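Undergrad: Chain by chain, the residues:
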Amino acid sequence: MTELPVWADWVISFFIILGASFAFIGSLGLLRLPDFMARLHAPTKNTTLGVGGVIIGSILYFSTTDGLSLHELLIAVFLFLTAPISAHLLAKAGLHLELELSENTRDFRTKPEQYSDKDD
Amino acid sequence: MSKLVPAPWWSLFLLAFWLLLQNKVSVGATLLGLVLAIIIPLYTLRARDYRTTLHHPLLGVQYFFILLGDIIVSNFNIAAIILRPRKSIKPALIEFPLAISGSVPITILASTISLTPGTISAELGRDGRSILIHALNVDDPEATIQQIKQRYERRLKEIFQC
Numbered sequence: 001m002t003e004l005p006v007w008a009d010w011v012i013s014f015f016i017i018l019g020a021s022f023a024f025i026g027s028l029g030l031l032r033l034p035d036f037m038a039r040l041h042a043p044t045k046n047t048t049l050g051v052g053g054v055i056i057g058s059i060l061y062f063s064t065t066d067g068l069s070l071h072e073l074l075i076a077v078f079l080f081l082t083a084p085i086s087a088h089l090l091a092k093a094g095l096h097l098e099l100e101l102s103e104n105t106r107d108f109r110t111k112p113e114q115y116s117d118k119d120d
Numbered sequence: 001m002s003k004l005v006p007a008p009w010w011s012l013f014l015l016a017f018w019l020l021l022q023n024k025v026s027v028g029a030t031l032l033g034l035v036l037a038i039i040i041p042l043y044t045l046r047a048r049d050y051r052t053t054l055h056h057p058l059l060g061v062q063y064f065f066i067l068l069g070d071i072i073v074s075n076f077n078i079a080a081i082i083l084r085p086r087k088s089i090k091p092a093l094i095e096f097p098l099a100i101s102g103s104v105p106i107t108i109l110a111s112t113i114s115l116t117p118g119t120i121s122a123e124l125g126r127d128g129r130s131i132l133i134h135a136l137n138v139d140d141p142e143a144t145i146q147q148i149k150q151r152y153e154r155r156l157k158e159i160f161q162c
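Protein sequences, first through last, are from chains A and B. Number 8 in my numbering belongs to position 8 of the first sequence; there are no gaps in the numbering. Number 34 in my numbering belongs to position 34 of the second sequence; there are no gaps in the numbering.
Everything labelled a hint here was simulated from the structure, so no lab data went into it. Model, not experiment: these values are computed from the prediction. Keep in mind that a hint or two might mislead.
Derived lysine to aspartate or glutamate pairs resembling EDC-like cross-links, with alpha carbons at most 20 Å apart [what the hints assert, rightly or not]:
#	chain 1	residue 1	chain 2	residue 2
1	B	Lys-90	A	Glu-98
2	B	Lys-149	B	Glu-95
3	B	Lys-90	B	Asp-140
4	B	Lys-149	B	Asp-139
5	B	Lys-90	A	Asp-107
6	A	Lys-92	A	Asp-35
7	B	Lys-90	A	Asp-66
8	A	Lys-92	B	Glu-95
9	B	Lys-90	A	Asp-35
10	A	Lys-92	B	Asp-127
11	B	Lys-24	A	Glu-72
12	B	Lys-24	A	Glu-98
13	B	Lys-90	B	Glu-142
14	A	Lys-92	A	Asp-107
15	B	Lys-90	A	Glu-103
16	B	Lys-90	B	Asp-139
Looking from chain B toward chain A, a few residues come up when the C-beta cut is under 8 Å (computed) [what the hints assert, rightly or not]:
#	residue
17	Ile-94
18	Glu-95
19	Leu-98
20	Ser-111
Every residue, glycine too, gets a C-beta built ideally from N, C-alpha and C.
Chain A with its partners taken away, still in its complex shape (with noise of 0.2 Å):
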């Protein structure tokens, strides 16, 4: 293994902490967001900067230690497909399921008994 110049240790280390920091507030969202709907909004979107920064600071590393990896690229790759996909599964099933939503949320469908697969 080789010495990290400098500059190299001050931007992974940036890349990392934003990723980390982001993954955290996505987490945190979880807690603090007030209904189903809502809290699908924060794991969603910033769980692609939080594993996107810290990727961006794996592929610095290995490329400055080891010479050139873009494998972790991959992964990126994965969330991109994947993310949306898992968010619309859940958002539908709560749909259905008619989850209570947080009171001030305005209901701007045209026929919202379509959506719904309540037996009763």
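Using the hints, position chain B against chain A.
TA: Just chain B now, kept in the frame of chain A:
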């Protein structure tokens, strides 16, 4: 050519994917990747029940970078909303009328909506002509719809010609 490589973009993607997995570019890895990139589409083509043609690949690349920028902006937006005091957000359920058709373009649009600022696609309408969106913080639902239309749907329509 078209018999041997029925889906050129897909083959290119598979080759790039293989080289990324190997994490190095060498003659051996590239050769094996080329063989895989030809065989896998030939073998799995029958399983694809949709036909999609990319009419403007360059616009597709541009779309990707616009999306990337918007994802970064949306991360900061959501972070700001989370860190702000409670009760100050205005969520809404909005129906977004679709002007595009085809399963692939609609899937991309729905994913785009989920990844960009403040909106999540929750359900495709029963008739397939609308997407239900949950927006985290909107003042004017019509403006949100227009923004998605102008920024993403118009470009997808151009890329896929659908």
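Undergrad: Next, verify each hint and record whether it holds.
TA: Here is what the structure says about each hint:
no.: 1; hint: B:Lys-90 - A:Glu-98; verdict: holds, 19 Å
no.: 2; hint: B:Lys-149 - B:Glu-95; verdict: holds, 13 Å
no.: 3; hint: B:Lys-90 - B:Asp-140; verdict: holds, 10 Å
no.: 4; hint: B:Lys-149 - B:Asp-139; verdict: holds, 17 Å
no.: 5; hint: B:Lys-90 - A:Asp-107; verdict: holds, 11 Å
no.: 6; hint: A:Lys-92 - A:Asp-35; verdict: holds, 14 Å
no.: 7; hint: B:Lys-90 - A:Asp-66; verdict: violated, 49 Å
no.: 8; hint: A:Lys-92 - B:Glu-95; verdict: holds, 14 Å
no.: 9; hint: B:Lys-90 - A:Asp-35; verdict: holds, 12 Å
no.: 10; hint: A:Lys-92 - B:Asp-127; verdict: holds, 16 Å
no.: 11; hint: B:Lys-24 - A:Glu-72; verdict: holds, 13 Å
no.: 12; hint: B:Lys-24 - A:Glu-98; verdict: violated, 50 Å
no.: 13; hint: B:Lys-90 - B:Glu-142; verdict: holds, 15 Å
no.: 14; hint: A:Lys-92 - A:Asp-107; verdict: holds, 16 Å
no.: 15; hint: B:Lys-90 - A:Glu-103; verdict: holds, 10 Å
no.: 16; hint: B:Lys-90 - B:Asp-139; verdict: holds, 7 Å
no.: 17; hint: Ile-94; verdict: holds, 5 Å
no.: 18; hint: Glu-95; verdict: holds, 6 Å
no.: 19; hint: Leu-98; verdict: violated, 14 Å
no.: 20; hint: Ser-111; verdict: holds, 4 Å
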